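Peer 1: Here are the chains, one letter per residue:
Protein chains: 2
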Amino acid sequence: MDIRFSDRANGLKASAIRELLKLTEMPEVISFAGGLPAPELFPVERIKEIFSEVMDRDGRAALQYGPTEGYRPLREIIATQRMSTAHMKLTGDDVIVTTGSQQGLEFSAKLFLNKGDVVICESPSYLGAINAFQAYEPKFVEVSMDEHGMIMSELENALKENPNAKMIYTIPDFQNPTGKTMPDDRRKRMAELAAEYKIPIIEDNPYGELIFEGTVHPAIKSFDKEGWVVFLGTFSKTFAPGLRLGWICASPEILSKYVIIKQGADLQSSSLDQRIAATFMQKYDLNEHIEKIKEIYGNRRTLMLECMDKYFPADVKHTNPYGGLFAWVELREDLDAGKIMEECIKENVAYVPGDAFFPNGGHKNFFRVNYSCMPEDKIVEGIKRLAKVLAKYY
Amino acid sequence: MDIRFSDRANGLKASAIRELLKLTEMPEVISFAGGLPAPELFPVERIKEIFSEVMDRDGRAALQYGPTEGYRPLREIIATQRMSTAHMKLTGDDVIVTTGSQQGLEFSAKLFLNKGDVVICESPSYLGAINAFQAYEPKFVEVSMDEHGMIMSELENALKENPNAKMIYTIPDFQNPTGKTMPDDRRKRMAELAAEYKIPIIEDNPYGELIFEGTVHPAIKSFDKEGWVVFLGTFSKTFAPGLRLGWICASPEILSKYVIIKQGADLQSSSLDQRIAATFMQKYDLNEHIEKIKEIYGNRRTLMLECMDKYFPADVKHTNPYGGLFAWVELREDLDAGKIMEECIKENVAYVPGDAFFPNGGHKNFFRVNYSCMPEDKIVEGIKRLAKVLAKYY
Numbered sequence: 000m001d002i003r004f005s006d007r008a009n010g011l012k013a014s015a016i017r018e019l020l021k022l023t024e025m026p027e028v029i030s031f032a033g034g035l036p037a038p039e040l041f042p043v044e045r046i047k048e049i050f051s052e053v054m055d056r057d058g059r060a061a062l063q064y065g066p067t068e069g070y071r072p073l074r075e076i077i078a079t080q081r082m083s084t085a086h087m088k089l090t091g092d093d094v095i096v097t098t099g100s101q102q103g104l105e106f107s108a109k110l111f112l113n114k115g116d117v118v119i120c121e122s123p124s125y126l127g128a129i130n131a132f133q134a135y136e137p138k139f140v141e142v143s144m145d146e147h148g149m150i151m152s153e154l155e156n157a158l159k160e161n162p163n164a165k166m167i168y169t170i171p172d173f174q175n176p177t178g179k180t181m182p183d184d185r186r187k188r189m190a191e192l193a194a195e196y197k198i199p200i201i202e203d204n205p206y207g208e209l210i211f212e213g214t215v216h217p218a219i220k221s222f223d224k225e226g227w228v229v230f231l232g233t234f235s236k237t238f239a240p241g242l243r244l245g246w247i248c249a250s251p252e253i254l255s256k257y258v259i260i261k262q263g264a265d266l267q268s269s270s271l272d273q274r275i276a277a278t279f280m281q282k283y284d285l286n287e288h289i290e291k292i293k294e295i296y297g298n299r300r301t302l303m304l305e306c307m308d309k310y311f312p313a314d315v316k317h318t319n320p321y322g323g324l325f326a327w328v329e330l331r332e333d334l335d336a337g338k339i340m341e342e343c344i345k346e347n348v349a350y351v352p353g354d355a356f357f358p359n360g361g362h363k364n365f366f367r368v369n370y371s372c373m374p375e376d377k378i379v380e381g382i383k384r385l386a387k388v389l390a391k392y393y
Numbered sequence: 000m001d002i003r004f005s006d007r008a009n010g011l012k013a014s015a016i017r018e019l020l021k022l023t024e025m026p027e028v029i030s031f032a033g034g035l036p037a038p039e040l041f042p043v044e045r046i047k048e049i050f051s052e053v054m055d056r057d058g059r060a061a062l063q064y065g066p067t068e069g070y071r072p073l074r075e076i077i078a079t080q081r082m083s084t085a086h087m088k089l090t091g092d093d094v095i096v097t098t099g100s101q102q103g104l105e106f107s108a109k110l111f112l113n114k115g116d117v118v119i120c121e122s123p124s125y126l127g128a129i130n131a132f133q134a135y136e137p138k139f140v141e142v143s144m145d146e147h148g149m150i151m152s153e154l155e156n157a158l159k160e161n162p163n164a165k166m167i168y169t170i171p172d173f174q175n176p177t178g179k180t181m182p183d184d185r186r187k188r189m190a191e192l193a194a195e196y197k198i199p200i201i202e203d204n205p206y207g208e209l210i211f212e213g214t215v216h217p218a219i220k221s222f223d224k225e226g227w228v229v230f231l232g233t234f235s236k237t238f239a240p241g242l243r244l245g246w247i248c249a250s251p252e253i254l255s256k257y258v259i260i261k262q263g264a265d266l267q268s269s270s271l272d273q274r275i276a277a278t279f280m281q282k283y284d285l286n287e288h289i290e291k292i293k294e295i296y297g298n299r300r301t302l303m304l305e306c307m308d309k310y311f312p313a314d315v316k317h318t319n320p321y322g323g324l325f326a327w328v329e330l331r332e333d334l335d336a337g338k339i340m341e342e343c344i345k346e347n348v349a350y351v352p353g354d355a356f357f358p359n360g361g362h363k364n365f366f367r368v369n370y371s372c373m374p375e376d377k378i379v380e381g382i383k384r385l386a387k388v389l390a391k392y393y
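Protein chains in written order, with numbering that gives the first Met the number 0: chain B, 0 to 393; chain R, 0 to 393.
I should point out that these hints are in silico values taken from the structure, not numbers from a laboratory.
Here the structure is a predicted model, which means the values were calculated and not measured.
Take these hints with a grain of salt, some might be off.
Intra- or inter-copy, both count: the list cannot distinguish identical chains.
In silico BS3-like cross-links for lysine-lysine, where the CA-CA straight-line distance does not exceed 30 Å [unchecked claim]:
hint: 1; residue 1: K12; residue 2: K387
hint: 2; residue 1: K12; residue 2: K88
hint: 3; residue 1: K383; residue 2: K291
hint: 4; residue 1: K138; residue 2: K47
hint: 5; residue 1: K114; residue 2: K21
hint: 6; residue 1: K114; residue 2: K316
hint: 7; residue 1: K114; residue 2: K138
hint: 8; residue 1: K21; residue 2: K88
hint: 9; residue 1: K159; residue 2: K383
hint: 10; residue 1: K47; residue 2: K282
hint: 11; residue 1: K138; residue 2: K12
hint: 12; residue 1: K159; residue 2: K309
hint: 13; residue 1: K363; residue 2: K377
hint: 14; residue 1: K197; residue 2: K114
hint: 15; residue 1: K21; residue 2: K363
hint: 16; residue 1: K293; residue 2: K391
hint: 17; residue 1: K309; residue 2: K387
hint: 18; residue 1: K47; residue 2: K291
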């Protein structure tokens, strides 16, 4: 059969990583490869209770079609509870609900990118965003990071050199994959640059509330005076990813376009799941639940970093995240984390090789480790196994 | 602000119809405009019971990330229960779950269409599909219908005249908006034409199981020997639209591309909602539930057609659907259903003006009426109100 796919679809390939990750699903493998929240923290009993309430109160509406923008009470709660944590004063009108924040990423590419347009992003950046954007056939310009995230002078150079840049994509808090976080002055500067160069920023913020030390950083959008910043949030890491609930905050002009795109994409997100989330947050304090998550993830983070320091060869570097789910490991420049991964699988331990996070390739000497969904004894054992493999190369 | 959107986004406009339909939401309006299933038929109590079972059995998995392809037991049930009704023998491997069948439409455009490519569709066709496709900037070639749906000789002419046609889009059963249904010989012929001209058919089938007289027609895909037909199904009309669950059946080569597209679009559909649907269908007979829906919709259909015959001016024509949710009304050629709608709103009755269903415009003398979600007394009263307005023009 000679099927004539679209050009963009011809470019889509089953990710090599995805195939690799299937190997990590065997029960004997200690996998630091995933990005899953810890399921033992899901509030199962409370959700059961909430569900009964939802069905008794408005069960028929929960099963019927609803507005594309989302369930109104959920939009209000996102604005007043979640976005105020990110130092913003918004109303439900400033928010629409999406089917996870992955959908917000896909919509952003659809909204802003013609074929060949430039996306400016951190180097490295989130694999899932790169994949979603790639379907719209852009070029990626990667901006270097230091320990505090994207370097603003380098961003400004990229903006000057790429007048056809159409959006800046950034994860300012506990970035995926590096775990790095931008300090407040950089956030302010980035918002200024967006206004100066008249370019939208897609601020992807799935991890900001999972801060182990200190309080939640102000969103880049909180420094945005003209409406250039689009903020993407999600309940996947703070509540439950299986419900597929995220959100977009943007200026009215931009948000109304997202609504039309969403109408064509899936009409709306689940009426039922939106009501479960809204009712949960009306009845219980999500911040209290997030405190529990932070305590456990923070401990796992501390343990993993300590173990890497203790067991890894001395020359292996890693980031020191103070929130989120991931740390980023740098090997000696001549080493290939993808090839080493094959040996790791034999030792029943896994990570994600770093090169897939660089949209233009290269940089084979990095890997990403996740600490959120693995009990402490397995973190110790897994890092020891990794160390054993790495020792052969040092 | 001078925001540089993508070309496709510049073409997106808030639908005029959508604004009009907001007027129809006032409680005093009898609206035949929507396409909603009757909420009084939703199995609320059974879903409550099922939810408790799901949460007790695997609550953590129901709240966690799951596979992009969908929850395996649901894929199996779709293959063995729903697709066998459409005369097909499939397994779960042939099916992926989508966030409603609207998502299947959007993905199809993304998978097959470059800017300027031709989509061949019925004239008229489903508004939501036209909108989803339009974001990929195709051209539409409309093929005439008779009372039995798309005319196959006209389809063949369109295929000959448009070598850059990339897909055929069709709703063979109780078409939206006309309510027309293709007989089996046309389905077979359409499958043959797809193979001969090497072009995919997107078979959109939300209403096929809601047949009031006779048994479910074989899907076009059941006549497909080489794998040119993509079948889109949904639980929105037979179970509950609020759960946003649809599916795609296609050959392995095509289906694997849809999976990659879905991964970028929303990672997966709701883990919870998929488990609710699967467990419901393991425990209860969905066919039994569909029988109840058919009985009520069938009665409403009969009543609405009778009322139109009785009260409408004699020259007004309508289709005679034997399933689904919609009938299609044809006015005298010089009349404009959009303008007449303004008067209808004043009389507190509403329909959808037909011109939006023609992707290339024109055809102002049609409108669509829905009979599924309105009790019988309101159908009588609403058709009387419509008749009163129409009488002024005849």
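Peer 1: The structure should be examined with respect to each hint, and the outcome stated for every one.
Peer 2: Going through the hints against the structure:
1. Taking the shortest alpha-carbon separations for K12 and K387, neither the intra-copy value of 33 Å nor the inter-copy value of 59 Å comes in at or below 30 Å.
2. In the homo-oligomer, the alpha carbons of K12 and K88 lie at most 30 Å apart only across protomers (28 Å), although the nearest pairing inside one protomer, at 42 Å, exceeds that limit.
3. When the C-alpha separation of K383 and K291 is checked against a cutoff of 30 Å, the pair qualifies only within one copy, where the shortest distance is 27 Å, while the shortest distance between copies is 61 Å.
4. For the homomeric pair K138 and K47, neither the shortest alpha-carbon distance inside one copy (46 Å) nor that between copies (49 Å) is at most 30 Å.
5. Taking the closest pair of Cα atoms, K114 and K21 never come within 30 Å of each other, the shortest separation being 32 Å inside a single copy and 36 Å across copies.
6. Taking the shortest alpha-carbon separations for K114 and K316, neither the intra-copy value of 38 Å nor the inter-copy value of 47 Å comes in at or below 30 Å.
7. In the homo-oligomer, the alpha carbons of K114 and K138 lie at most 30 Å apart both inside one protomer (8 Å) and across protomers (19 Å), since each shortest distance falls under that limit.
8. For the homomeric pair K21 and K88, the shortest alpha-carbon distance between copies (28 Å) is at most 30 Å, but the shortest distance inside one copy (43 Å) is not.
9. Taking the shortest Cα distances, K159 and K383 never come within 30 Å of each other, neither inside one copy (46 Å) nor across copies (66 Å).
10. In the homo-oligomer, the alpha carbons of K47 and K282 lie at most 30 Å apart both inside one protomer (13 Å) and across protomers (20 Å), since each shortest distance falls under that limit.
11. In this homomeric assembly, K138 and K12 come within 30 Å of each other (Cα to Cα) both inside a single copy, at 17 Å, and across copies, at 27 Å.
12. In this assembly of identical chains, K159 and K309 lie within 30 Å of each other by CA distance neither inside one copy nor across copies; the values are 44 Å within and 71 Å between.
13. Taking the shortest alpha-carbon separations for K363 and K377, only the intra-copy value of 26 Å comes in at or below 30 Å, while the best inter-copy value is 68 Å.
14. Taking CA atoms no more than 30 Å apart as the test, K197 paired with K114 passes in both settings, with 20 Å inside one copy and 27 Å between copies.
15. In this assembly of identical chains, the alpha carbons of K21 and K363 lie at most 30 Å apart only when taken from the same copy (21 Å versus 54 Å across copies).
16. When the C-alpha separation of K293 and K391 is checked against a cutoff of 30 Å, the pair qualifies neither within a copy, at 35 Å, nor between copies, at 69 Å.
17. For a Cα distance limit of 30 Å, the shortest separation of K309 from K387 inside one copy, 12 Å, qualifies, whereas the shortest one across copies, 85 Å, does not.
18. When the C-alpha separation of K47 and K291 is checked against a cutoff of 30 Å, the pair qualifies both within a copy, at 19 Å, and between copies, at 29 Å.
When held up to the earlier numbered hints, the structure conflicts with 1, 4, 5, 6, 9, 12 and 16 and fits the remainder.
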